[in-house]
Amino acid sequence: YGIYKAKAAAGRSEQTPETLSANDDEEARKIKWFKTMKSIAKFIAKEQMKKHLGGEK
1 YGIYKAKAAA
11 GRSEQTPETL
21 SANDDEEARK
31 IKWFKTMKSI
41 AKFIAKEQMK
51 KHLGGEK
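When we follow the UniProt record's numbering, the leftmost residue of the sequence shown carries the number 1, and every step to the right adds one.
Just so you know, the hints here were simulated from the structure itself, not pulled from any lab data.
Treat the hints with care, as some may be off.
Quick list of in silico lysine to any residue cross-link-like pairs, SDA-like style, CA-CA up to 20 Å [stated by the list, open to error]: (1) K51 x S39; (2) K32 x Q48; (3) K38 x A22; (4) K46 x K30; (5) K51 x A41.
Given only the sequences and the hints, what does the whole structure look like? Please build it.
Structure, rendered in structure tokens:
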């Protein structure tokens, strides 16, 4: 699991070693996708809170 996390943290600049199986590569993509979606959700939540807390006065 540590390998997957490290690959996801390294981003696109990392070269995928040939020793990793297709499953390892797919798992790393899933983690990157999850982190991206989490970041987007966090951004949207912050924007909604700004509207809710600051816009109704």
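These are the hints, each one checked on the structure:
no., hint, verdict
1, K51 x S39, "holds, 19 Å"
2, K32 x Q48, "violated, 24 Å"
3, K38 x A22, "violated, 24 Å"
4, K46 x K30, "violated, 24 Å"
5, K51 x A41, "holds, 15 Å"
The structure does not agree with the numbered hints 2, 3 and 4 stated previously, though it agrees with the rest.
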